[in-house]
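*Asks:* Here is how the chains run, residue by residue.
There are 4 protein chains.
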Amino acid sequence: MRELGIGLIGTGFMGRAHALAFNNARAVFDLPLQLKLVVLADADGERAERCAKAWGFAQAQGDWQALINDPRVDVVAITTPNHLHYPMAMAAIAAGKAVYCEKPLAVNLEQADAMRQAARAAGVITRVGYTYQHNPMIGLARQMIANGELGRIISFQGEFSEDFMADPASPWSWRCEVEHAGGALADLGSHVLSMARYLVGEVVSVCADTQTVHGQRPVVKGSETLQAIAVDDQTHALLRFANGARGTVSSSWLKHGYKNHLSVEISGTEGTLAFDQERLNELRVYRTGQKGFQRMLAGPDLPGYAAFSPAAGHQLGYNELKTLEVQELIMAMAGQGADGSDFDDAWEVERLATAIRTAAREERWVRISEVNGEAGA
Amino acid sequence: MRELGIGLIGTGFMGRAHALAFNNARAVFDLPLQLKLVVLADADGERAERCAKAWGFAQAQGDWQALINDPRVDVVAITTPNHLHYPMAMAAIAAGKAVYCEKPLAVNLEQADAMRQAARAAGVITRVGYTYQHNPMIGLARQMIANGELGRIISFQGEFSEDFMADPASPWSWRCEVEHAGGALADLGSHVLSMARYLVGEVVSVCADTQTVHGQRPVVKGSETLQAIAVDDQTHALLRFANGARGTVSSSWLKHGYKNHLSVEISGTEGTLAFDQERLNELRVYRTGQKGFQRMLAGPDLPGYAAFSPAAGHQLGYNELKTLEVQELIMAMAGQGADGSDFDDAWEVERLATAIRTAAREERWVRISEVNGEAGA
Amino acid sequence: MRELGIGLIGTGFMGRAHALAFNNARAVFDLPLQLKLVVLADADGERAERCAKAWGFAQAQGDWQALINDPRVDVVAITTPNHLHYPMAMAAIAAGKAVYCEKPLAVNLEQADAMRQAARAAGVITRVGYTYQHNPMIGLARQMIANGELGRIISFQGEFSEDFMADPASPWSWRCEVEHAGGALADLGSHVLSMARYLVGEVVSVCADTQTVHGQRPVVKGSETLQAIAVDDQTHALLRFANGARGTVSSSWLKHGYKNHLSVEISGTEGTLAFDQERLNELRVYRTGQKGFQRMLAGPDLPGYAAFSPAAGHQLGYNELKTLEVQELIMAMAGQGADGSDFDDAWEVERLATAIRTAAREERWVRISEVNGEAGA
Amino acid sequence: MRELGIGLIGTGFMGRAHALAFNNARAVFDLPLQLKLVVLADADGERAERCAKAWGFAQAQGDWQALINDPRVDVVAITTPNHLHYPMAMAAIAAGKAVYCEKPLAVNLEQADAMRQAARAAGVITRVGYTYQHNPMIGLARQMIANGELGRIISFQGEFSEDFMADPASPWSWRCEVEHAGGALADLGSHVLSMARYLVGEVVSVCADTQTVHGQRPVVKGSETLQAIAVDDQTHALLRFANGARGTVSSSWLKHGYKNHLSVEISGTEGTLAFDQERLNELRVYRTGQKGFQRMLAGPDLPGYAAFSPAAGHQLGYNELKTLEVQELIMAMAGQGADGSDFDDAWEVERLATAIRTAAREERWVRISEVNGEAGA
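Protein sequences appear in the order of chains A, B, C and D. Under numbering that gives the first Met the number 0, read the first sequence as residues 0 to 376, first letter to last. Under numbering that gives the first Met the number 0, read the second sequence as residues 0 to 376, first letter to last. Under numbering that gives the first Met the number 0, read the third sequence as residues 0 to 376, first letter to last. Under numbering that gives the first Met the number 0, read the fourth sequence as residues 0 to 376, first letter to last.
None of these hints come from the bench; they were simulated from the model. Note that the coordinates shown come from a computational prediction; the quantities given were computed from them, not determined experimentally. There may be inaccurate statements among the hints.
It does not matter which identical chain is meant; a pair holds if it fits inside one copy or across any two.
DSBU-like cross-link-like pairs, simulated, lysine-lysine; straight-line CA separation at most 35 angstroms [as the list claims (entries may be wrong)]:
no. : residue 1 : residue 2
1   : K52       : K220
2   : K290      : K220
3   : K258      : K220
4   : K258      : K52
5   : K52       : K35
6   : K258      : K290
7   : K35       : K290
8   : K35       : K220
Isolated chain A (complex conformation) (with noise of 0.2 angstroms):
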């Protein structure tokens, strides 16, 4: 069987995510061709072989340029904080590896575009980390949609809250900056404009409102100096879809109680789901004729779940989300199409929430294709 060696670069939550994720895709699937986890980099030379040998990899690395050069390297995974993301992409490209890049691509649009550019006159093959669609109960709705059993879809409602930043005493971070891509609506709402693609289709137009509401925070935790603070809090979006299905997506980290709302309910001229990823392992669904919304239950008559647990209920957790996020990267590479975010997604993906931004700034509907958002544009 062939091998495919994989390169991961940066070892925080991520990190270990895909760590977790492809020590268990080889365990758990019967994959096409063989991993070898063959290297992991991490600038902090000591760290890295540390947890080199804590998550079964080969070798570390205290260069990241010396992982993507390594001969035995298919795939480059990114894990790093965002503004790398663009200097590591490009290069593994330039080296032909496959990259896997956590979200979002890059720090802006033209960043993006350039390494989709880049990535597709190389014809290597990427991923980036949507992870919450790589849910077998999202891959079930997504089919039901495509099967049309909700009929022709109408509307949209997605949201994206949690309130880790809700106290103003949270203090500033990248997280807080326009340069790393920061606020509410990239960290987040990325994620839900990702599945409104995923679920429905393209979007069109949109308008939009952002809003910072704590224009000051601690430079660090506990500071009285205060910093500045540009990003959104929270924003709030009409969208339009070309195949006229109408909606909103807000996303916010100041809404208090909630940890994890990923949240979406599509409706059709035929039934309504409804989903959260705070109950990620189930879907509520309404068909035409039904007395209530049904509440299913993630089980393994979807493969995705059957590859962890032969029995329904068992449920899976977010890490197991990623494990299958990687089963589709390594399908893609033995050729056997799967279906995650590509470059060219998470540029979609990333030009429309730079399309919401200018709605809000200008005060105006923007139509999509207005956001060319090219390299040097």
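Fit chains B, C and D to the known structure of chain A by using the hints.
*Replies:* Leaving out everything else, chains B, C and D in the frame of chain A:
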């Protein structure tokens, strides 16, 4: 004790709801005035007779003008189709009577303005049937917000969706006519706009999107003759409030699976509350420091509930919200200020709906102050 | 139309609930008899006067025997404390009047048996206030079961728990006296036993465990003088039904967080249904082949609901269940058989409760047929 | 760092779950011992080879005795069918190895007793896969109870119901054989009995009712040849705890609509908590003074959760509970006491199940101390 004579026009669902409410208010509350159910009018005099008997009215009438002129009548309750609200209310005001009118106040903003101006000039008490606000749980929500228990309010998300028009075979009715204040926004959305004002305060500007999904419907059930439909099936809007809060409002009568989904979620700097009319005896509340949302169940610590039951969990129904509305009307008649919606409030709601329609038609943000909607304007 | 004269004894919460129900039944239903609210009795004659006026009774009485003797009274409604049910009902039966009595029927099984024997001998119609059964959703559940939609019934799990006595400082009341049919089983559990019979059928044997957790309570609120308590705070039982189904019943008035948690879950060979009085307008149903439970919301397809609202989702409250109970009483009085609980049913419920207490006391399985509970036995 | 060699027997669903858990424990926790996945055994040696490769074991084996004898193996993990637990565990104990065995410990109480006696005598560490207890939310529940946050515990209601045998056409399997510890009580109910002990403490007496609803099943799927079935399809029991609490336990594999409905509700003099495995990341808690139940969502304030995600709401899945179980095993191996179920605990659970079966068969209350279940007794 001073008597208060009630004249009720209309014997449909809403007429009966009023009749029940007057009867029950008398039984349930220790009222400062002695209610007399004087006369019930319906164009169908025989039906008026029959209903008067069943509902405890002393007399029946085929002629609503005679009811208004009856010197024993102090309050004229109007539950007729929307286009009759204007002539009836104007006649009642001219006769110096208090008016208790179902929503919407009128079929256009100019009529509504004329009505409120006339009521002001005549100094008569008015009330409009935004019944859902009289829910003790909504009263509790309002009080919590007013007390600052959620901190400064920063977001509002409201929706009123049902599915009674979801089937394209659902026929045309007066609800499908612009001239009769038809459409999902007027029929359903107005309730959530009223709730937005009641709970969060004045809206200053809106942007919106309305859509007619089913442009034709059978003229009557089962007919193959189709009637063109111009009113909205669904509307989505962005709201900016005077106090700085931002949010969205949606309404639809096409959303499968929902029967009375009037929901609001209001978030502040120190907490969030959520309500859904489909579970009208519950309020979900999260405040800083809690581990998760509390599901509060209506109980006798709320006076509006205690009137009906000494025990928590017994639950109120819709008709009891109507009784609470009637109680507030009577308290106002006794000079003991209560807080229901009067003609000024109802006009503000319709002005807001008008602004939303304008914003949608002209595809731009509209300041509410642009819409003067004055009679003759 | 023939008149039906109502005499109501008692002006507490239940007295008022009856009064509201009689008034509303008249307004809401097209009744075959003409209801007359003839006389209201209360030992406190002044209070009787005041309430009679507010509730629409033609006359007030301080003497309940006079009410019973009043030739205009056809139905005697009894809402007094439990120990008065027996003398009042026996007097009413002796006078040939129909009796509508609150639950429990009596303070012991012998009294209850004497009452049902007397009612049979006199041929009078009787009804007992097991109000929760009149919920249209319970009617729907019963119909589904009767139609075989769940297949053969194999399990029943019922509970009625509240927390109004959870605080050990909650003082003694007559509900704490065996002689007044006190305790959690009699006060709450009897409702779920009645529901078990109504939905699944006769119970043939039981085993049980009862417990007094707080053996002493203040004689009055705030007092340091404690009163010994002998009635059960919580009871758990195993049930075997005549049709082969098995199950459990629990009741407690100490269970924190619950206000009206009368819940039943019934499972058959082809499906399961679940109900909780704290969400009285909902029924959760699963049938073979479904993907998950459907949450059904009460609507006008159920006649008992349609009487109050033409629109689904408007929701009924507790007082409307009482109105439905009254309607069934009136239909029975008109010879148009309805299915409320009569004295025989109520006796069966108390016999079942007696069997449970015996089983708990003697720590053994008890066949219901062992408990004849005959007067004088 | 000292090495800890793992030998795993079995490659079914549970074998893989163990393998995943060992791999992930290594990646996720900072363990005091260095895990080595030494050898994987399966009677089908070829399958063992394939799985060993996929799951990261250094070697495969067709002979489990050889695995036990392998000097590099310190812990023998047993995931084979129930009847093999006894010989394998006894062999491992004889070899002085720690044993990590799936539940049930054995196919009868005598075997189980012999196993725990042997383990004690040999001084080896043992663990049994009552995996659901390792949920951080259950840990939180236990801690709240231990801290007295619910006051004195007075009631326990537990259930474990699924519907995988609800269809009478579901064929016979070893789970239908008494000799293989089959039946709903052993298969499902044992988990909730274990949970009862873990959260509330020892049970002192029981009364119970078991029932075989479908007395015959096809010998294999689709066959018309039927096999008589003697094990219980559903069991209901009353429990009395040593600390005075009372309650019920139910288990069924016939209850339509449920997939993994392991639920517990525990009530004390100051509060109530409720958990359902179908929403394993949630705990509902009510404490005196609250307005309603709080729905708590798992988050990184719980160490067992933080190991997998730094963010609340991400959610754990079943396989991660297994990883937590493995971590506790390893901590125990390192002499850093953790609190999983050992053979003594597992024997107590089976003793309790035996008492329940005895109580059902003999239709009487049974004291747990009556059941000595000693080997040879």
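*Asks:* Which of the numbered hints are not met once you compare them with the structure shown?
*Replies:* Checked against the structure, the hints that fail are numbers 7 and 8, while the rest are satisfied.
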